[in-house]
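Please build the complex by placing chain A on the supplied structure of chain L, with the hints as guidance.
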Amino acid sequence: MPSGPLSIGAAGAALRSGEATAVELLAAVMSRAEMTESELHCYLNLDREGAMAAARQADRELDRGEDRGPLHGIPVAVKDNMCTRGLETTCSSKILAGYRPPYDATAVARLREAGAVIIGKTNLDEFAMGSSTENSAYGPTRNPWDTGRVPGGSSGGSAAAVAAGSAIAALGSDTGGSIRQPASLCGVVGLKPTYGLVSRYGLVAFASSLDQIGPLTRTVGDAALLLSAVAGHDPADATSYAGPVPDFAGSLDRGVDGLRLGVVKELGGDGYQPEVSETTGEMLDKLAAQGAEVVEVSLPLFEVALSAYYLIAPAECSANLARFDGMRYGLSIKGSTASATMAGTRAEGFGPEVTRRILLGTYALSAGYFDAFYGQAQRVRSLLQAEFDEAYRKVDVLVSPTSPTTAFRLGERTQDPLAMYMSDICTIPSNLSGHPAISVPIGLDSKHLPIGFQVMAPALGEQVMMAVAAEVERLAGFDALPPPALAPPPGVPL
Amino acid sequence: MPIDVDVAHVANLARLALTPDLLDRYRKELGVILDHASRVQEVDTSAAAPLAHPLGQTNVFRADEVRPSLDRDEVLEMAPETRDGFFVTSPALD
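Residue numbers (our numbering), protein chains in the order written: chain L, 1 to 494; chain A, 1001 to 1094.
Hints may contain errors.
[To be verified] Below, in silico cross-link-like pairs of lysine to any residue (SDA-like), each with a Cα-Cα straight-line distance of 20 Å or less: (1) L/94 x A/1093; (2) L/94 x L/340; (3) L/94 x A/1081; (4) L/334 x A/1082; (5) A/1028 x L/366; (6) L/334 x A/1077; (7) L/94 x A/1022; (8) L/334 x A/1017; (9) L/334 x A/1028; (10) A/1028 x L/415; (11) L/94 x A/1079; (12) L/94 x A/1080; (13) A/1028 x L/419; (14) A/1028 x L/347; (15) L/334 x A/1086; (16) L/334 x A/1088; (17) L/334 x A/1076; (18) L/334 x A/1093; (19) L/394 x L/293; (20) A/1028 x L/422; (21) L/334 x A/1090; (22) A/1028 x L/413; (23) A/1028 x L/369; (24) L/265 x L/293; (25) L/447 x L/476; (26) L/334 x A/1035; (27) A/1028 x L/418; (28) L/94 x A/1086; (29) L/334 x A/1092; (30) L/334 x A/1080; (31) L/334 x A/1079; (32) L/334 x A/1087; (33) A/1028 x L/351; (34) A/1028 x L/352; (35) L/334 x A/1019; (36) L/94 x A/1028; (37) L/265 x L/299; (38) A/1028 x L/447; (39) A/1028 x L/416.
Simulated from the structure, these hints should not be mistaken for lab results.
Looking at chain L on its own, in the form it has when it is part of the complex (with noise of 0.2 Å):
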């Protein structure tokens, strides 16, 4: 059994060669979640009996030479908000207790069609809305780094899970940062793939014009063999992307030299934490050094990225949300007539974030309202586009921090909703415009917490936005742990 914390191609290579079993590998990753998860709270639910069968049977396809690929009998992690048959899915939401789905989304089919072993569901602000994990009606989940702090939101039991081994990988969906925000405060890898390049088919949806699935992984490397496994046209999403799917791991290893890396002018300066700017810019100078032409490039409207973003999104999730009606599924509390009924159940069911983000948008949706703020966001967006696509003519990616700050303390932003949404002010703009997005663990600050750096891509363009990635990882040699008690230590066994 190999030691220390595994990436994907590790645990894969330690199965072929016959080093370790699938039932090993779930087994070490089980009893990781076992020491940590009464500290930390990544899973809702761990699925051992449902992970056990598939790993005997990953070990019974590989004894009989059939293999399904890299992620063959890898221990696997799914955010809470993706559909999985017959195992309790709630989104962290009371509304949801209880409720099995019938069918499995696209991206958990994938998985399993790929031999993958899905461990159990984590934890995530109720229905990915919040920046913290700490919107969840079944408690927050705490920074393997710190457990005094948030580990980011939404995916924030995934992105915990990963950093702390009790998953080799985990699935988490990005709407406004929620990949991405999270990898960072942990010190994992997190990607948010072009819109559409995942199907949404069961993800349960918050605001379907931006929401994507996507990886958070301990390697970029990682990173590039999940997306390959869920990525790909699906008639069950109409939105989903029908062109041939890139392979995103055949070009990791082409470096910089000769391509032009735009520094967003608007994502820096005030308001950022001094250690996330200099490590940032330490980075850009080792980049510069291995041939990329650094540039700044400024983005004018990123400054109302944020403002367009709550108006789009709360519209959009009141619209979605709707579906909750007390009737055909999840909780349900019963009035006189069918309006007191979803009334009634709503106001029970969904706690204050979501609440508060439906009022918006049901606001900025109403009449005498629409056009002012949610036409005039689309509008807004589509001008943002339009300037993304303007720095891409000059530049091959955009680069910034991931987050404004590292992680902050639990219960620092909850009274504040505005001070919360600005901690995704560096991701909100990649999902307005469906580009890609990728942030990936640079260093540590002076308290021992994880700076993330971000690359931006055009739409699909995944393989340079991930061959600078794989630059910057191996530039940045981030091989540091959370504290020895919440994460193995290098020599001791996964």
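Chain A alone, transformed into the frame defined by chain L:
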């Protein structure tokens, strides 16, 4: 300046039965958030069309063929109340 929202009307549209205390809290919070969000109104968008799908995709159709769907009993199993293969709801009219 915070925007004044008739939050009781909005809560009714959204089918949320909120207490007066909560309505007051959300009225204040929404006012502040919408004040920030209204910055979008400072942008000249006269030449811009609204963007709904980032890759510009429009309607997608599939072939009109009969296909299997989810099993009805399995779907209804998650409903709070059913009868004869249907969902049971409270009356739609007062």
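To see whether the hints hold, each was checked on the structure:
Using a Cα cut-off of 20 Å, the hinted pair residue 94 of chain L and residue 1093 of chain A is violated, with the two alpha carbons roughly 28 Å apart. Taking the CA atoms of residue 94 of chain L and residue 340 of chain L, the gap is about 18 Å. The hint holds against a cut of 20 Å. This hinted pair checks out: residue 94 of chain L and residue 1081 of chain A have alpha carbons roughly 18 Å apart, not beyond 20 Å. The suggested pairing of residue 334 of chain L with residue 1082 of chain A holds, with an alpha-carbon distance near 13 Å, which does not exceed 20 Å.
Restraint check for residue 1028 of chain A and residue 366 of chain L: the C-alpha separation of about 19 Å stays at or below 20 Å, so the hint holds. At roughly 18 Å between alpha-carbon atoms, residue 334 of chain L and residue 1077 of chain A fall within 20 Å of each other, so this suggested pair holds. With a CA separation close to 18 Å, the supplied pair residue 94 of chain L and residue 1022 of chain A stays within the 20 Å bound. Of the supplied pair hints, the one linking residue 334 of chain L and residue 1017 of chain A holds, its CA atoms being roughly 13 Å apart against a limit of 20 Å.
Note on residue 334 of chain L and residue 1028 of chain A: the hinted pairing is violated, with a Cα-Cα distance of about 30 Å set against a maximum of 20 Å. Only pairs whose Cα atoms come within 20 Å are accepted, and residue 1028 of chain A paired with residue 415 of chain L is accepted, the gap being roughly 13 Å. A distance of roughly 15 Å separates the Cα atoms of residue 94 of chain L and residue 1079 of chain A; the hinted pair therefore holds under the 20 Å criterion. Between residue 94 of chain L and residue 1080 of chain A, the direct Cα distance comes to roughly 15 Å. Compliance with the 20 Å bound is thereby established for this hinted pair.
A C-alpha spacing of about 15 Å is found between residue 1028 of chain A and residue 419 of chain L, which places the hinted pair at or below 20 Å, so the restraint holds. Pair hint residue 1028 of chain A plus residue 347 of chain L holds up; C-alpha atoms about 18 Å apart against a cutoff of 20 Å. The suggested pairing of residue 334 of chain L with residue 1086 of chain A holds, with an alpha-carbon distance near 17 Å, which does not exceed 20 Å. A distance of roughly 11 Å separates the Cα atoms of residue 334 of chain L and residue 1088 of chain A; the hinted pair therefore holds under the 20 Å criterion.
About 17 Å separates the Cα atoms of residue 334 of chain L and residue 1076 of chain A, which keeps this hinted pair within 20 Å; it holds. Restraint check for residue 334 of chain L and residue 1093 of chain A: satisfied, since their Cα atoms lie roughly 15 Å apart, inside the 20 Å limit. The straight-line distance between the Cα atoms of residue 394 of chain L and residue 293 of chain L is roughly 11 Å, inside the 20 Å bound, and the hint therefore holds. Pair hint residue 1028 of chain A plus residue 422 of chain L holds up; C-alpha atoms about 19 Å apart against a cutoff of 20 Å.
Using a Cα cut-off of 20 Å, the hinted pair residue 334 of chain L and residue 1090 of chain A holds, with the two alpha carbons roughly 7 Å apart. Pair hint residue 1028 of chain A plus residue 413 of chain L holds up; C-alpha atoms about 17 Å apart against a cutoff of 20 Å. Distance restraint check for residue 1028 of chain A and residue 369 of chain L: the Cα-Cα separation of roughly 18 Å lies within the 20 Å cut-off, and the hinted pair is therefore satisfied. For the hint linking residue 265 of chain L to residue 293 of chain L, the alpha-carbon distance of about 16 Å falls within 20 Å, and the restraint holds.
For the given pair, residue 447 of chain L sits about 18 Å from residue 476 of chain L by alpha-carbon distance, which is consistent with the 20 Å threshold. Using a Cα cut-off of 20 Å, the hinted pair residue 334 of chain L and residue 1035 of chain A is violated, with the two alpha carbons roughly 37 Å apart. Distance check on the hinted pair: residue 1028 of chain A and residue 418 of chain L sit about 12 Å apart at the alpha-carbon level, within 20 Å; holds. Taken as a hint, the residue 94 of chain L and residue 1086 of chain A pair is broken in the structure, with Cα atoms around 24 Å apart against an allowance of 20 Å.
Pair hint residue 334 of chain L plus residue 1092 of chain A holds up; C-alpha atoms about 12 Å apart against a cutoff of 20 Å. Among the hinted pairs, residue 334 of chain L with residue 1080 of chain A is consistent with the structure: their alpha-carbon atoms are about 9 Å apart, no more than 20 Å. Simply put, residue 334 of chain L and residue 1079 of chain A have alpha-carbon atoms about 13 Å apart, close enough for the 20 Å limit, and the pair holds. About 13 Å separates the Cα atoms of residue 334 of chain L and residue 1087 of chain A, which keeps this hinted pair within 20 Å; it holds.
A threshold of 20 Å between alpha carbons decides the hint, and for residue 1028 of chain A with residue 351 of chain L the separation of about 17 Å falls inside it, so the pair holds. About 14 Å separates the Cα atoms of residue 1028 of chain A and residue 352 of chain L, which keeps this hinted pair within 20 Å; it holds. Proposed proximity of residue 334 of chain L and residue 1019 of chain A is supported: the alpha carbons are some 18 Å apart, at most 20 Å. A hinted pair counts as satisfied when its Cα atoms are at most 20 Å apart, and residue 94 of chain L with residue 1028 of chain A does not qualify at roughly 25 Å.
A distance of roughly 7 Å separates the Cα atoms of residue 265 of chain L and residue 299 of chain L; the hinted pair therefore holds under the 20 Å criterion. With a C-alpha separation of about 36 Å, the suggested pairing of residue 1028 of chain A with residue 447 of chain L is violated against the 20 Å cut-off. Restraint check: the Cα-Cα separation between residue 1028 of chain A and residue 416 of chain L comes to about 12 Å, which is no more than 20 Å; the hinted pair holds.
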